[in-house]
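K.L.:
Residue numbers (my numbering): 101 to 400.
Just so you know, these hints were derived from the structure itself, not from any lab. Be a bit skeptical, because a hint or two may be false.
To be verified - Listed next, the in silico DMTMM-like pairs over lysine to aspartate or glutamate satisfying Cα-Cα at most 25 angstroms (straight line):
#1 Lys182 / Asp245
#2 Lys367 / Glu169
#3 Lys154 / Glu169
#4 Lys182 / Asp326
#5 Lys212 / Asp280
#6 Lys367 / Asp159
#7 Lys214 / Glu277
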Amino acid sequence: MNEQKNTKHYYTAQDKVLLAVGYVLLGLFVLAIIVPVIYIVVASFMDPITLQNKGIVLDTSKWTLNAYERVLTNKQIWIGFKNSIFYSLAFTAISVFVTLLAAFPMSRPDFKGKKFFNTIFVITMFFGGGLIPTYLLISNLNMLDTIWAVLLPGAFSVWNMIIARTYYQGVPKELYEAADVDGASDVTFFFRILMPVCMPLIAVLSLWQFVGMWNSYFDAMIYLNDTAMQPLQLVLRSILIQNQPEPGMISDMQSTAERAQLAELLKYATIIISSLPLIVMYPFFQKYFDAGVFAGSVKG
Numbered sequence: 101m102n103e104q105k106n107t108k109h110y111y112t113a114q115d116k117v118l119l120a121v122g123y124v125l126l127g128l129f130v131l132a133i134i135v136p137v138i139y140i141v142v143a144s145f146m147d148p149i150t151l152q153n154k155g156i157v158l159d160t161s162k163w164t165l166n167a168y169e170r171v172l173t174n175k176q177i178w179i180g181f182k183n184s185i186f187y188s189l190a191f192t193a194i195s196v197f198v199t200l201l202a203a204f205p206m207s208r209p210d211f212k213g214k215k216f217f218n219t220i221f222v223i224t225m226f227f228g229g230g231l232i233p234t235y236l237l238i239s240n241l242n243m244l245d246t247i248w249a250v251l252l253p254g255a256f257s258v259w260n261m262i263i264a265r266t267y268y269q270g271v272p273k274e275l276y277e278a279a280d281v282d283g284a285s286d287v288t289f290f291f292r293i294l295m296p297v298c299m300p301l302i303a304v305l306s307l308w309q310f311v312g313m314w315n316s317y318f319d320a321m322i323y324l325n326d327t328a329m330q331p332l333q334l335v336l337r338s339i340l341i342q343n344q345p346e347p348g349m350i351s352d353m354q355s356t357a358e359r360a361q362l363a364e365l366l367k368y369a370t371i372i373i374s375s376l377p378l379i380v381m382y383p384f385f386q387k388y389f390d391a392g393v394f395a396g397s398v399k400g
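Go ahead and model the full structure; you've got the sequences and the hints to work with.
P.N.:
Here you go:
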């Protein structure tokens, strides 16, 4: 505490102004995030008529669980939720595994052709085949209306590979030399020595890929026609963007106005439910997230 007090005496007037501006901007940034979240949470509990006429009201007597009851009792919501969890977990496992394997030889100084492959990888970050060629490729591979159309096309991320390669280069080379002296192969070194050291990196990549797949809907919308295979985000899209809730959610409403009011309320409840897995998951990965990001940025 005394050191902090003494440090403040060394701040010039310009430093104090700069700090004050930084704190104000940071506060505005936090408010820009928190206020919409609070609005969505409160609105999801409110009676739709009260919400439409009066806006947000903190009187809990005007609150209702009607939206959550309708969302949680809808069959398509649960099907989409189950599919999203499966797609996100499977995609994360495949993507992280492929990315780590590809990054390993790219991090080795004795790998012949490293510059050539690195150039090819970087080119794919800026140029792609486009939607129609990709769709034709997926169709020719007979992957339409299968889980592989969602899991495989975006499984390899060049950006994540570069981060993993940089992380590997920060691992002491003495580990590899010791393993080589003991007769360990590259496969043994990769799985039994390098992977345990890279747990922060694995946690970061897993978090990124899980969140990316959980929030994605475009590939599923293009390649999947079977509603039983569609993820939660497609159901959420139909409610939020197309304003078309599942028929079972509003079938008992006779008035068109009541249907519109309830559909508005269902948007907020669906957003909260779809965001819960990420909110629950993030605190467990936070310590790895910080360590992994900084450790992967030591070398270029």
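K.L.:
Taking the hints in turn, state whether each one holds.
P.N.:
These are the hints, each one checked on the structure:
1. Distance check on the hinted pair: lysine 182 and aspartate 245 sit about 17 angstroms apart at the alpha-carbon level, within 25 angstroms; holds.
2. Using a Cα cut-off of 25 angstroms, the hinted pair lysine 367 and glutamate 169 holds, with the two alpha carbons roughly 13 angstroms apart.
3. Only pairs whose Cα atoms come within 25 angstroms are accepted, and lysine 154 paired with glutamate 169 is accepted, the gap being roughly 23 angstroms.
4. A hinted pair counts as satisfied when its Cα atoms are at most 25 angstroms apart, and lysine 182 with aspartate 326 qualifies at roughly 15 angstroms.
5. This hinted pair checks out: lysine 212 and aspartate 280 have alpha carbons roughly 19 angstroms apart, not beyond 25 angstroms.
6. In summary, the hint linking lysine 367 to aspartate 159 is supported, as the alpha carbons are separated by about 21 angstroms, within the 25 angstroms threshold.
7. Restraint check for lysine 214 and glutamate 277: the C-alpha separation of about 21 angstroms stays at or below 25 angstroms, so the hint holds.
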